[in-house]
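Dock chain B against the given chain A, drawing on the hints supplied.
There are 2 protein chains.
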Amino acid sequence: MRQFECINGEMVIGGIPATKIADKFGTPVYVTDESALRENFRRINKAFSRHMPTHIHYACKANTNLAILRILKQEGSYIDAVSIGEVETCLRAGFSPDRIMFTGVCVSTKELEAVVSKGVLINIDSFSEMKRLAGIKSRIPISIRVNPDVGAGHHDHVVTGSRKSKFGIPLADILKAYSESLDLGLIPVGLHAHIGAGVQEIDPFVKVTDVLVSIAKEIEEKLRIELEFIDIGGGIGIPYKPDEKPMDVDLLAQEVTARIKAGCSVETVAIEPGRYIVADTTVLLTKVVDIKETPEKNFACIDAGFNTLIRPSFYGSYHHIAVANKFDASGEVIYDVVGPICESGDFLARDRLLPKLNEGDVIAVYDAGAYGFSMSSQYNSRPRCREVLVYNGTANIIREMETIDDILRHQRIPSRLMV
Amino acid sequence: MRQFECINGEMVIGGIPATKIADKFGTPVYVTDESALRENFRRINKAFSRHMPTHIHYACKANTNLAILRILKQEGSYIDAVSIGEVETCLRAGFSPDRIMFTGVCVSTKELEAVVSKGVLINIDSFSEMKRLAGIKSRIPISIRVNPDVGAGHHDHVVTGSRKSKFGIPLADILKAYSESLDLGLIPVGLHAHIGAGVQEIDPFVKVTDVLVSIAKEIEEKLRIELEFIDIGGGIGIPYKPDEKPMDVDLLAQEVTARIKAGCSVETVAIEPGRYIVADTTVLLTKVVDIKETPEKNFACIDAGFNTLIRPSFYGSYHHIAVANKFDASGEVIYDVVGPICESGDFLARDRLLPKLNEGDVIAVYDAGAYGFSMSSQYNSRPRCREVLVYNGTANIIREMETIDDILRHQRIPSRLMV
Chain A
3 MRQFECINGE
13 MVIGGIPATK
23 IADKFGTPVY
33 VTDESALREN
43 FRRINKAFSR
53 HMPTHIHYAC
63 KANTNLAILR
73 ILKQEGSYID
83 AVSIGEVETC
93 LRAGFSPDRI
103 MFTGVCVSTK
113 ELEAVVSKGV
123 LINIDSFSEM
133 KRLAGIKSRI
143 PISIRVNPDV
153 GAGHHDHVVT
163 GSRKSKFGIP
173 LADILKAYSE
183 SLDLGLIPVG
193 LHAHIGAGVQ
203 EIDPFVKVTD
213 VLVSIAKEIE
223 EKLRIELEFI
233 DIGGGIGIPY
243 KPDEKPMDVD
253 LLAQEVTARI
263 KAGCSVETVA
273 IEPGRYIVAD
283 TTVLLTKVVD
293 IKETPEKNFA
303 CIDAGFNTLI
313 RPSFYGSYHH
323 IAVANKFDAS
333 GEVIYDVVGP
343 ICESGDFLAR
353 DRLLPKLNEG
363 DVIAVYDAGA
373 YGFSMSSQYN
383 SRPRCREVLV
393 YNGTANIIRE
403 METIDDILRH
413 QRIPSRLMV
Chain B
3 MRQFECINGE
13 MVIGGIPATK
23 IADKFGTPVY
33 VTDESALREN
43 FRRINKAFSR
53 HMPTHIHYAC
63 KANTNLAILR
73 ILKQEGSYID
83 AVSIGEVETC
93 LRAGFSPDRI
103 MFTGVCVSTK
113 ELEAVVSKGV
123 LINIDSFSEM
133 KRLAGIKSRI
143 PISIRVNPDV
153 GAGHHDHVVT
163 GSRKSKFGIP
173 LADILKAYSE
183 SLDLGLIPVG
193 LHAHIGAGVQ
203 EIDPFVKVTD
213 VLVSIAKEIE
223 EKLRIELEFI
233 DIGGGIGIPY
243 KPDEKPMDVD
253 LLAQEVTARI
263 KAGCSVETVA
273 IEPGRYIVAD
283 TTVLLTKVVD
293 IKETPEKNFA
303 CIDAGFNTLI
313 RPSFYGSYHH
323 IAVANKFDAS
333 GEVIYDVVGP
343 ICESGDFLAR
353 DRLLPKLNEG
363 DVIAVYDAGA
373 YGFSMSSQYN
383 SRPRCREVLV
393 YNGTANIIRE
403 METIDDILRH
413 QRIPSRLMV
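Those sequence lines, one after another, are chains A and B.
The first sequence begins at 3 in my numbering and counts up by one.
The second sequence begins at 3 in my numbering and counts up by one.
Just to be clear, a hint being listed does not mean it is correct.
Stated by the list, open to error - Cβ pair distances, simulated, as ranges: (1) Lys243/B x Glu246/A: 54 to 64 Å; (2) Lys22/B x Ala260/A: 54 to 64 Å; (3) Gly11/A x Glu203/B: 49 to 59 Å; (4) Glu402/B x Gln256/A: 44 to 54 Å; (5) Pro244/B x Arg44/A: 53 to 63 Å; (6) Glu203/B x Asp353/A: 28 to 38 Å; (7) Leu253/B x Lys120/A: 53 to 63 Å; (8) Gly96/B x Val118/A: 38 to 48 Å.
Simulated from the structure, these hints should not be mistaken for laboratory data.
No residue lacks a Cβ here, since even glycine has one placed at the ideal position from N, Cα and C.
Extracted from the complex, chain A is given alone in its bound form:
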């Protein structure tokens, strides 16, 4: 959780008072601090690359805004893409194909063909995908994703590395997969696993590294395959709550790289942080539009709901909340902070002690940069909101607000119904 400046009782983001941003660009609005983004990337890149050659593959599903991708391109990032749409988005942001690895699941042949045509590295998730890929094009480098039987994460929904998940080639079949890839004329250059999302301990990453290193060693010895990289996947969590501590990425890097260097001859480590890079760069600003005091609860009714930020409703996630225009005021009243979607599951925060609120107050929802806009929807026919980038006191729109015309654009009424 980032600390923000407080000037004259107001929250300041990237040199600009939050209320100014809210007034100028309207609410709800996602506001990203460019400096924070660059800092996060540099911190993790430095932590690993001082030990061995490192590729930081930004897991762009967390946030695919073109401006954010562009900044990370400038910083020297690689990309973890999970769909042809993400591949195309990253190409448009200026990434060259050799900086992108595609890791899909349930990949159709049509999507595979499209990804191959873009010239990006494909990380194979299943035997079927491998065979179908070889049918499209062989003599191309590939990576293979193993299901490492090491799972972790902030919610059942995001534990991807357990044996019961749909991801990757089962551990017991991984040698067979590399062997078959050779038979199919493919060129295996990488090995990948991903344990889950929002993991706050180092231990699961160490465990998965051990699994990957032992596989790499085994295929060196048995199949004479020398891999170029081991990719330990993503999943580094962040402290969403004020009392939580960030992961020590220096220690993580040290533990992971030491094991790779000691255990096999692979020379490059890849890692796929998404949340770690973007989550705390962004706050969601939203206005209090109604205050409801009932015998049971006090509701702060805001103009953002799970259409805008679904994580609290979907995963039960905690996002820290502050009142931007009462930034140094003490908590006085306990509120549920709820949105305009017509379901009681539409809340951004429950039972939070906040300064006494009034209509018009600006609420800042922290750590909204990852899985915020990227999971948003037009549910209840609400156009999606703006995104703004702030940098040293200037603010730029990086996504225009949608209109009702955008919601209606693709819809057609058959003429026979127009009578």
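Just chain B now, with coordinates in the frame of chain A:
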């Protein structure tokens, strides 16, 4: 759960084999049967209107496709709208303003002004909203939403009528609300409550009717207000599982209308079915793109995930699954039916006994007409899919597929980043 015709081992929807629709329009695709839609509307309209004047307000948040709205307009429906976006969508589909009631929660003054300018009836959710409305325009008819302290529904997230929910004026304050509406120069004509969603028993509807009738009687006696209608809200569930039974809407109508007629002088009943009208009209067709057999599980990997249909992941909802091209084959293998979103929480069905599957098989996900497309997203940068309307053997596109350009349309990269 609707029964579909089986011809030559194939599922047939509205006179067309499902595989033909999948091949012609691509997958995933939502396919709505116009006849089923008209039947559902007529059934519930008839059930109520034979007892007393009835307004069926279709709760359009379930499905705001313009063609579906147009059909319901032809059938004589009214509209329950929850946002200015829904109001505008329904106006474009041809509904006149006097057929639309707006019931918002967390309504901003800006949205309230926009709704007032459209001339639709406003159903007040809070004292603040009422005051702000009177500030915009008085001498207009309104309805008031009470929190009836009767809650029910298929998931905690959708129980809206309990005292701890954010919706409506607390029961204890409802007389004060009507009295204040008169003081503010507003003209109260209706009384509304909504208990929740996916309610499969009649009893909660009877209870809420009793609450509403006793309020109506009290305001007749104490405030001399004669309401035009009582609106018992929506929430009628449907049988998502093969062994469940549909609600007896004839019995529901009889119980509800008898109480209104006996207990007060209100002459019109309103009801707000959404799911009941559209859910079973629509199947989501999706193709098997990969089969994964692991020691733990068999996965049928399809081309639709929670980006396309979020209910299983979000609410844990059950949707019945059939194999459209093996429609009369017996179950042989137990599958998890999973999608292309990179989270293990991305599944449409778990542990289902299905005929042995092959890549290319067409999976039909039942009852996808309500909260299907309307809750869909572009998560993982996947463009949203087509919708098709079938009627007596003809099929029309009612929503074009999105492209990557649609996903990128509103994004901007500040020029200083283009170096």
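To see whether the hints hold, each was checked on the structure:
The beta-carbon spacing between Lys243/B and Glu246/A, approximately 41 Å, falls outside the hinted interval of 54 to 64 Å. Checked against the hint of 54 to 64 Å, the pair Lys22/B and Ala260/A passes, with Cβ atoms roughly 59 Å apart. Distance hint check for Gly11/A and Glu203/B: the Cβ-Cβ separation is about 52 Å, which falls inside the suggested range of 49 to 59 Å. For Glu402/B and Gln256/A, the Cβ-Cβ distance of about 52 Å falls inside the hinted range of 44 to 54 Å, so the restraint holds.
As the Cβ distance of Pro244/B to Arg44/A is approximately 56 Å, the hint placing it in 53 to 63 Å holds. Checking the proposed 28 to 38 Å range against Glu203/B and Asp353/A shows it holds: the Cβ atoms sit about 31 Å from each other. For Leu253/B and Lys120/A, the hinted distance range of 53 to 63 Å is satisfied, since their beta carbons lie about 59 Å from each other. Under the hint 38 to 48 Å, the C-beta atoms of Gly96/B and Val118/A, about 46 Å apart, fit the expected range.
Hint violations for this structure: number 1 only, all remaining hints satisfied.
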